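Okay, so the sequence shown: first residue is 1 according to our numbering, each after it adds one.
In case anyone wonders, no lab produced these hints; they're calculated from the structure. Fair warning: there could be bad hints in the mix.
Unchecked claim - The calculated label-pair distances, taken between Cβ atoms and stated as ranges, are: (1) Gly88 <-> Arg41: 14 to 20 Å; (2) Asp90 <-> Ala18: 31 to 37 Å; (3) Lys93 <-> Leu12: 18 to 24 Å; (4) Arg79 <-> Pro16: 19 to 25 Å; (5) Arg40 <-> Arg89: 18 to 24 Å; (6) Ala18 <-> Arg40: 16 to 22 Å; (7) Asp90 <-> Pro16: 29 to 35 Å.
All values reported here derive from a predicted model rather than from experimental measurement. Quick reminder that beta carbons are idealized off the backbone N, C-alpha and C, glycines included.
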Amino acid sequence: MVCYSNRAKTELADVPDALIVAHGAVSEPVARAMAEGIRRRSGTNIGIGVTGIAGPGGGTAREAGGNRGLAVPSPTRCRSAHIPVHRGRDMLKFQSAQSALNMTP
Numbered sequence: 001m002v003c004y005s006n007r008a009k010t011e012l013a014d015v016p017d018a019l020i021v022a023h024g025a026v027s028e029p030v031a032r033a034m035a036e037g038i039r040r041r042s043g044t045n046i047g048i049g050v051t052g053i054a055g056p057g058g059g060t061a062r063e064a065g066g067n068r069g070l071a072v073p074s075p076t077r078c079r080s081a082h083i084p085v086h087r088g089r090d091m092l093k094f095q096s097a098q099s100a101l102n103m104t105p
């Protein structure tokens, strides 16, 4: 499920608005909430949440382009990270996917 906007994050992945306000959409807590919401809604054992600003533009002082939050929850634990990447949009997308898959239990 692609939850690009904050509205999609809240409506489709059950991310609380307050979490986005408190931590920003590109954060480890929001990635974790996205992954948990997707895991619950899809009825799977594992969910993957990736949130970021691929850049090069679109960032803000709080959420710079090239940042990403990743989370992979399972029924027994959740692995998550907030990782800055400064190697371009295509590399950020590739590394995000690979990192999330490598975090699966």
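- Message: Please list, smallest to largest, the hint numbers that this structure does not respect.
- Response: Hints 1, 5 are the ones this structure does not satisfy, whereas the remaining hints hold.
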